[in-house]
Amino acid sequence: MKPAPFDYLRAMTTQDALDALAQTGEDARVLAGGQSLMAVLNMRFAQPRVLVDISRTDELNSVRVDNEAGLLVVSAAATQGSVEWRKSLHDEVPLLAMAFPHISHFQIRNRGTVCGSIAHADPSAELPLVLAALGGDVMLRSKKKKRVLAAKDFFQGMLMTAREPDELVEAVRFPLKNPGERYGFTEFSARHGDFAMVACAAVVTNDSIRIAIGGVADRPVVERWPFLRGDELRSALNDLSWKLGAQDDAHVSAKYRRHLVRQLGWRVIEEAT
Amino acid sequence: MSKTSTNIMRQGEEQRITLTLNGRERSGHCEPRELLSDFIRHELGATGTHVGCEHGVCGACTVHIDGVAARSCLMLAVQVEGRRVDTVEGLAPDQTLGDLQQAFQRNHALQCGFCTAGILMSCADYLQRVPDPSESQVREMLSGHLCRCTGYTPIVAAVLDVAARRNHRTESREPAHA
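The listed protein sequences correspond, in order, to chains C and W. So the first sequence is numbered by the numbering used here: it starts at 31 and just counts up by one. So the second sequence is numbered by the numbering used here: it starts at 117 and just counts up by one.
Read the hints as simulated data drawn from the structure, not as lab findings. This one's a predicted model, so the numbers in the text were calculated from it and none came from an experiment. No residue lacks a Cβ here, since even glycine has one placed at the ideal position from N, Cα and C. Careful, some of the hints might be misleading.
To be verified - To list a few chain C residues with every Cβ distance to chain W over 12 Å, as calculated:
| # | residue |
| --- | --- |
| 1 | V70 |
| 2 | S92 |
| 3 | N97 |
| 4 | F136 |
| 5 | G165 |
| 6 | G187 |
| 7 | M190 |
| 8 | A247 |
| 9 | E253 |
Stated by the list, open to error - Derived list of chain W stretches under chain C, where covered just means 3 residues or more per stretch with a C-beta under 8 Å from a C-beta of chain C:
| # | segment |
| --- | --- |
| 10 | 178–190 |
| 11 | 281–289 |
Given these sequences and hints, build the entire structure.
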């Protein structure tokens, strides 16, 4: 299938993109890597009037470590591949390094952007889950103002975020590895690279557990516990599996999703302990 | 008139796009909504690139953009203005098969061949980055492609075979299991 007609703007600068979004707002979509948006356009699930292409906006194509703030800052046009193939990623943001191999396929990560996946906000996507688990944030910018939103305030539901129509996700920021923290990531899908039925990330310290679950609720859900083991941990995972409100769908039953939350939850916490 | 509005390409309007296809400068016309996969095949006549699902799942249309493997059905033709695009035709520039293609032939890594062009382009990029992959790495890389004929095993064998030869070994690093 082919996309419905649209006007096309190649933004050479961030200002070009912000001007276009200010003019067209809800009728515009930002095209970054296009690995979700182009499929959506081809299937005509969306028919925007204007596409604002930022894939060649050089000033939006950067990945940098801010040591002072303790953050990895990934700009809007930076591909997932450009982050994944960083030699130092395991030392910078280990949870990201663990999650990348689960994200679709290498050919898709070559073009797909980190910010694009965050802005798309698919509830089963890995990058929103990692951002939520680590307590990262999203930098939004419009022609009029800039603002920063914590991941928990940015994700508002299935494919829904707090981004205003005239705003660009200019960058996302992942907290760097904390020496006291250990990390785990796992997911289950029908085939490697498919959408996760359940995805699970954990951040464990000597006295706390943070667990984040994707693919069940309408957004990534993060829970914070003291350091639990054995039956206490099993019980907490069971409570969490019910709290997420799993639903039956064409692929898998709610019961099976709860089972996956309990099993994968146990596995990532073990991995991180 | 602001700079922004002059840069907008309106729907239905055609623009000339110039790119380097397999080392040769080529140009053609396209509307904003024309997919790169269609542009390569219909406007430039390079029909080695195949079009399967048109939503990024099957991998048949994989090409290189500035040397990097990507789905041509998930890109617009207008996005490759001034860029280097390589397709399967570029793997055999003098009508002689490249070593990767020869390995596919030796290992019977294709039957109908519909998926093959895309798989070859993925392998070509991947082997540049990971010159001596393990079987599981090859399988993970191939997970971005659908092949309905082979069951993948001979494809995995072909990739391990060409990697071994490029690394001057006579045996594959490990046998490809079903």
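Verification of the supplied hints:
1. The beta carbon of C/V70 is not kept farther than 12 Å from every beta carbon of chain W, the shortest such distance being approximately 8 Å.
2. Listed as outside the interface, C/S92 is consistent with that label: its C-beta sits roughly 18 Å from the nearest C-beta of chain W, beyond the 12 Å cut-off.
3. With a least beta-carbon separation of about 28 Å from chain W, C/N97 lies farther than 12 Å from that chain, consistent with its non-interface assignment.
4. With 12 Å as the threshold on Cβ separation, the claim that C/F136 sits away from chain W is violated: the shortest Cβ distance comes to roughly 6 Å.
5. Even its closest Cβ contact with chain W, about 30 Å, leaves C/G165 beyond 12 Å, as expected for a residue assigned away from the interface.
6. Separation of C/G187 from chain W is adequate, the least Cβ-Cβ distance of about 23 Å exceeding the 12 Å criterion.
7. In this structure C/M190 is separated from chain W by more than 12 Å, as the shortest Cβ-Cβ distance comes to about 22 Å.
8. Remark: the non-interface label on C/A247 is consistent with the geometry, its nearest Cβ contact in chain W lying 25 Å away (cut-off 12 Å).
9. C/E253, annotated as away from the interface, keeps every beta carbon of chain W farther than 12 Å; the closest lies near 30 Å.
10. Residue count for the segment 178–190 of chain W with a Cβ under 8 Å from a Cβ of chain C: 8. That meets the three needed, and the coverage hint holds.
11. As drawn, the segment 281–289 of chain W meets chain C at 0 residues by the rule of a beta-carbon pair under 8 Å; below three, the given contact is violated.
The structure shown violates the earlier hints numbered 1, 4 and 11.
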